[in-house]
Amino acid sequence: MFITILSSIIWLIIIPFGMGLPLAKRLQEDKMTISSVLVCGMLVYTSLFQVAFVAILIINKRFSPLVYTFIIVTLLISAWSLGRNRKLVVEIVKGMSIPRKEERLTWFLMIISIGFQLYQTAMYQFIDGDDAFYGATATMTVGWDKLYQYIPYTGMPTGLDVRHSFSGAPIFVAFLSEVVCAHAATVHHIILPIAIVVMMYVIYYKIACEFWKTDHEKKKIPIFVLTISLLYLYGNTSIYTAATFLLTRTAQGKSIIANLVVPATVYCLLRIQRNLEEKKSCQIEIVLLSFCMMMGGFCTMLGLVLIPMLTVVALLILGVLYKKKSVIIWQIMMLVPTYVLGLIYLLLAK
Amino acid sequence: MDTIQLVMQLYQDYFGQGYFIWLFFSCMIYLWLTEKEKTRRFYLIYVTIGMWVVFFCPLVTYIGVRTIFSQETYYRILWMLPIYPVMAYTITKLVTSYKSKVKTGVIIVGCMILVVNGGVYTYAHPTFAKAENVYHIPQVIVDICDKIEEEGEWVNVAMPPEFLESVKQYSSNIRMVYGREHLISHWGFKEPLYLAMTAEVIDVEELTTLAKESACQYIVLAADRLLDGNLKDYGYAQMARVEHYTIYVDATTLE
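The listed protein sequences correspond, in order, to chains C and G.
Okay, so the first sequence: first residue is 1 according to this note's numbering, each after it adds one.
Okay, so the second sequence: first residue is 1001 according to this note's numbering, each after it adds one.
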């Protein structure tokens, strides 16, 4: 139990934090915060996993080479990044402040609301049919050291199912199961869901920070996040809503798209809008958006269409608002890495 | 179904019960009229309208449901619609726009009533149950799997339908002779052994014959199932009982 908690902190907080530092420090924020680093880290971490997963899937379809490769690569990058930016890390930690007196009650209520959702996630089970795919794929991967070589519903051997096998999300659960020393079902139903719920609110917090920049407006940030958390609590109006997916089918790829990748994409788009307004460069945001695309593919094949759909609409609006034709080139640039990977996969994975 | 009718139906189905559909729409109109700040206007208003246009565009629907999406997955475009941010932003704006504590209090209470009444509490869903173990899988399934699993070896098992979604999440060594795909009627799976297992009265001779054909070492049956015979007479001995389930094992594998 202690080892699982400790290694979960390492593999779901410290390593993504280390991986996010190089990008986050280029975001040119007034004050760098843990939340910015974690958002960048999540995007880099999952995107890198997707690339490693597709590469190994093409080469030999075995799980253990993926585990070893990814452990070595992530440890090296994180150690290098944390070592190189140690002064910055100290600054970030020192810069953490207690909320102002008038904000404390809202922060407290927000933490209670999110904490309640985390408690429910850990202590209550929800049987969903699609977990028979996601959870079982992870369990089979750990058990038989093969990538997508068995039908998850039965365990019978099969060839590669090209449509579903591009998604690295269930294999990521298997990877976490190995590194945090817990059964894949525990990772799928407890450990990863807790990380996803927390991360979603961190991203909404960042979105709120983009809405309210000035000092006297900042008290609105916790109110916004608290309201979002309440809307999620009461968002089970149908089986299709993002809220239903977050709180019932948390670690499924579809839920990660709706609740992590879409808000992360929006965060990048809001930053692009502000940079255009202030006539600043948008390079880092475009890089981050290309990671969002990759994370979309990591979740589900449909992510390769959904996230570009959002960015096309938003960038076209920005192009019109700011009379910027280069948004078309940005859109193409951010699609290239994921689509090239997808194409290589389609050509070689069989 | 006509394309326009289809998207209208999908939109209504997405919002489902309660009145979030109208709350969201009202918030949009309010923001359209009152919000002037560029960043918020860009995301909360323009992007919303843009995604509405995409979702309701008959050409996108027509091509989408025939190529990338299906009728069952087209609704996922609505995940791109900032429904919760729009509502949360509007509530935040209303709550913080008055200096009077009384007015603010009234708005907070009003908004709470709107959210609680207009939505559906997620954890009230009947499928939520206190977790029985760290796997979030019913304990009876874990116990049965532990009894029949052999380390590093495949075992073929016929399980009752209520177990099909969970067994493979727990055990990598158990091979189900039919799986969860049989629970989804429109996928059209009809494995004879599954049909034999789910018949109102189980024909034991047919069940055991089919099980042997599938090299099935174990059969798990609920104790209250009606059987027209005894499995022992057809080569399956009772191995164990876990709660109200009986595990039968192919007697030839015991020799």
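Treat the hints with care, as some may be off.
[Said to hold, decoys possible] Quick list of in silico lysine to aspartate or glutamate cross-link-like pairs, DMTMM-like style, CA-CA up to 25 angstroms:
1. K1190/G - D161/C
2. K1103/G - E277/C
3. K1038/G - E210/C
4. K1093/G - D161/C
5. K279/C - E1149/G
6. K146/C - E1149/G
7. K1038/G - E29/C
8. K1101/G - D161/C
9. K324/C - E1149/G
10. K219/C - E1037/G
11. K1130/G - D130/C
12. K1036/G - E210/C
13. K220/C - E277/C
14. K279/C - E1037/G
15. K218/C - E1037/G
16. K1093/G - D130/C
17. K213/C - E1149/G
18. K1099/G - D161/C
19. K1093/G - E210/C
20. K1103/G - E103/C
Simulated from the structure, these hints should not be mistaken for laboratory data.
Here is how each hint holds up against the structure:
no.	hint	verdict
1	K1190/G - D161/C	holds, 21 angstroms
2	K1103/G - E277/C	violated, 35 angstroms
3	K1038/G - E210/C	holds, 11 angstroms
4	K1093/G - D161/C	violated, 48 angstroms
5	K279/C - E1149/G	violated, 64 angstroms
6	K146/C - E1149/G	holds, 19 angstroms
7	K1038/G - E29/C	holds, 19 angstroms
8	K1101/G - D161/C	violated, 60 angstroms
9	K324/C - E1149/G	violated, 62 angstroms
10	K219/C - E1037/G	holds, 17 angstroms
11	K1130/G - D130/C	holds, 20 angstroms
12	K1036/G - E210/C	holds, 15 angstroms
13	K220/C - E277/C	holds, 22 angstroms
14	K279/C - E1037/G	holds, 17 angstroms
15	K218/C - E1037/G	holds, 15 angstroms
16	K1093/G - D130/C	violated, 38 angstroms
17	K213/C - E1149/G	violated, 58 angstroms
18	K1099/G - D161/C	violated, 60 angstroms
19	K1093/G - E210/C	holds, 15 angstroms
20	K1103/G - E103/C	holds, 19 angstroms
Going down the numbered hints, you'll see the structure goes against 2, 4, 5, 8, 9, 16, 17 and 18, while the others check out.
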